[in-house]
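*Asks:* Sequence:
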Amino acid sequence: MAQNKGKKHSSNSYLEILVIVVASMCFLVTHNGDFVFDDSEAIVNNQDTQMAPLHQIFQNDFWGTKLSSKYSHKSYRPLTILSFRWNYILRGKLNPPDFHKVNILLHMIVSVMTLFIFNILLNRKCPIISFHAALLFSVHPIHSEAVAGIVGRADVLCSLFMWLSLFSYHKSVTSRSSMVQWSYLFLSITSSSISMLCKEIGITVLGICIIYDVLMVNKILPKHLLSFLKPKYTCQEMKRLMETKYQCFTRCMVLIVASLLLLWTRFKIMGFSKPEFKSIDNPASLLDNTVLRIINYHYIYALNMWLLLCPLWLCFDWSMGCIPLILEADMRIILVLIMWLFFGALMMIIFSDSDPQLVRFTTMGVALMLLPFLPASNLFFPVGFVIAERVLYVPSAGFCLLVAIGLNRVIASVKYPKAVLASFYVLIIVFFARSWTRSNQWNTESSLFQSGLNVCPLNAKVHYNIGKNAADKGNKDHAKIEYQEAIRLNPNYSQAMNNLGNLYKDEKNYDMAEKLFRQAITLQNDFAAAWMNLGIVLSAMKRYTEAEMSYSSAIAHRNMYPDCYYNLGLLHLATKQHESALKNWKIATQQKPHHRQAWTNMVILFENLGMKVEALNAARQALRFIPNDPSIHFNIGNILGKDGDFQQAELHFKTAISANPNNSIYHTNLGVLYHRWNRYEDAEVMYRKALQLNPSSSIARGNLKKLKILKL
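Mapping to my numbering: the sequence shown position 709 is 709, numbers consecutive.
It should be emphasised that the hints constitute simulated quantities derived from the structure, not laboratory data. All of these numbers come straight from a predicted model, not from anything done at the bench. Cβ coordinates follow ideal geometry from the N, Cα and C atoms, glycine included. It cannot be assumed that every hint is accurate.
Only pairs whose alpha carbons sit at most 30 Å apart, straight line, appear in this in silico DSSO-like list of lysine-lysine [what the hints assert, rightly or not]:
1) Lys612 - Lys70
2) Lys592 - Lys268
3) Lys219 - Lys125
Between beta-carbon pairs, the in silico distance windows are [claimed, not checked]:
4) Gly271 - Pro491: 30 to 36 Å
5) Met348 - Trp182: 24 to 30 Å
6) Leu327 - Leu15: 23 to 29 Å
7) Leu651 - Ser279: 53 to 59 Å
8) Asn475 - Leu28: 45 to 51 Å
9) Arg596 - Asn475: 25 to 31 Å
10) Ala345 - Gln247: 47 to 53 Å
11) Leu651 - Asn475: 54 to 60 Å
12) Asn628 - Trp182: 50 to 56 Å
13) Lys274 - Ala419: 48 to 54 Å
14) Asp477 - Val410: 21 to 27 Å
15) Ser354 - Pro457: 55 to 61 Å
16) Lys542 - Pro53: 37 to 43 Å
Given only the sequences and the hints, what does the whole structure look like? Please build it.
*Replies:* Take a look at the structure:
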């Protein structure tokens, strides 16, 4: 009978795993999605994910900014960046579906691991609770941002190693061999450290391990811990208690010391400085009134709870007016009271004399929900967001466990348990559908930003992103409308002013562009991009002295600024300061070796100055970083062709045409090469191809006429 029971339990476990895997496929719709929102900054524009030296990953923050920079968010997640780099290396380029597929796979693995972790945390006393909690976790719509948004991999990877840390700690406390115990304890701390290098909240798993040890392994209930604080125990009794729980005390002390060391290391990496955020990022943290600040924090906690309970309104960004501050008597305070009534009820259960198993289960659920949320709570330091759905990825595990515990209690106490269970499975289906539709919105920026507008129409950042997306697609008129709306909603939105100024700059409406750039700089004096753009406008207006001062201001605020050095080089080229132009372009290529325009201009200027050797050296150096760049090959072909090295010139022209077959100038110049080489038939083919691509090409048409005269 025991053998049959074991087989049945094994069969059920396999079925549970299969159900959870299938349920976690609710995010499968994102497998072919694009890079959206924060993905651009963290992956596409971050050289750490591509070709930067490996050591640089451990010196920069998550967004590719030096940790020592005042602009750094101090988010140190090198292992997540390494995982992005692995994606890049496997394909040889940034291919969004590859990144999305890894995220989906990781979520599936974490969802299955969650089942085993719940079983461990509940001492394998109630597998059905673990299954229901893991099933709910696998489909919860709050995970859409963490799974569908590629930067959310930090949260998913972090949870993976947090679960490995919990599993290792379980093996440590249940093993009989002392050597095995210490080995697994070391592995648990190591997994926590790795988790912390994926995302900062990884360290909180050590606190969960301590609570698991005290509560589930040593059966010490919260009310017992309170009684230890009362002066009723004699020294002898306390000594006897310490001897009885010596192993637990030792393990907990090791974890506490490890936590302190990890925290110290983390703060040392940050340079013992905290990140600086603007008021628009987290307005509640900058309120002078302490009472109002606390009320607003608690309102944000309540909203996070509501999103876990009813994930209907989800938004990619909750800043800039999405959640107005509570500054006076407000009905929203009722939501805060409801939240504390809920937690008050949980505390009554946790510190009650009722069913010890219920107390332990509930306490583990609350710990798993609250501890990973602490770094995002503003309690220790202000964070750079109001609400970020992806930070709820790990805390949602505790929430799902509490729901499953409550479900189990309701089923055991009602007359029709099957109806309650059926309702739960209907909820799973509803959550599956909601996760599917929400993840689908994350596939493109257009759908994502539009979904944000439906939830937070007063959010200036939503309008800003819609405008940016419209501008990228060439819809400049719509972009202007959205940028103007963003500025109307937030008159201090310097980023929107800068982008709107760029639109006017592209239209050569320099007066309006200058006005917007100066307004942005007035609001944010260290806004390097606005200083650079102002310099571009002033340069276009031939106000070169003012333009150079603007470029200098931009560089003063951001020393590593290759685009600014490139534009400063253009200014010096316009004022005939050739040596200065070459110097600035060289700096641009040193700071950004893949800066195609700077390399190209450098090669052309060297050639125009008659410095052909230097031009070829610069071009060949450029090919080390951008080996398939058509403009570099084209210019090499021009230089070699003029020197009579027709064969090598031909190879470079053909390489340029292969990389950019629709450029009529490339075909024209190859035709000129053949013309000089007396390969008239090939020259004619090239000239005709150039005219086919650009019928108005006077050079190709004129050379074709000369060629016909030669044939007569």
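*Asks:* Assuming the hint says 48 to 54 Å, is it satisfied by the Cβ distance from Lys274 to Ala419 or not?
*Replies:* Distance hint for Lys274, Ala419 holds at roughly 52 Å.
*Asks:* Between Met348 and Trp182, does the C-beta distance stay in 24 to 30 Å?
*Replies:* 39 Å Cβ-Cβ, so the 24 to 30 Å window is violated.
*Asks:* Does the Cβ-Cβ separation between Leu651 and Ser279 fall within 53 to 59 Å?
*Replies:* Because 58 Å falls inside the window, the suggested range holds.
*Asks:* Between the beta carbons of Leu327 and Leu15, is the distance compatible with 23 to 29 Å?
*Replies:* violated, 54 Å
*Asks:* Mind checking the alpha carbons of Lys219 and Lys125 for me, to see if they're no more than 30 Å apart?
*Replies:* Holds, at about 14 Å.
*Asks:* When you take the CB atoms of Gly271 and Pro491, is the distance between them in 30 to 36 Å?
*Replies:* 34 Å Cβ-Cβ, so the 30 to 36 Å window holds.
*Asks:* Do the beta carbons of Ser354 and Pro457 sit within 55 to 61 Å of each other?
*Replies:* violated, 47 Å
*Asks:* Given the hint of 45 to 51 Å, is the C-beta distance from Asn475 to Leu28 inside that range or not?
*Replies:* violated, 31 Å
*Asks:* What's the verdict on Lys612 and Lys70, does the C-alpha distance respect the 30 Å limit or exceed it?
*Replies:* Violated: Lys612 and Lys70 sit about 42 Å apart, past 30 Å.
*Asks:* Can the suggested window of 21 to 27 Å be confirmed for the beta-carbon pair Asp477 and Val410?
*Replies:* Cβ of Asp477 to Cβ of Val410: about 56 Å, so the range 21 to 27 Å is violated.
*Asks:* Between Asn628 and Trp182, is the Cβ distance one that fits in 50 to 56 Å?
*Replies:* holds, 54 Å
*Asks:* Can you let me know if the beta-carbon spacing of Ala345 and Gln247 is within 47 to 53 Å?
*Replies:* violated, 34 Å
The structure fails hints 1, 5, 6, 8, 10, 11, 14, 15 (numbered hints given earlier, in ascending order).
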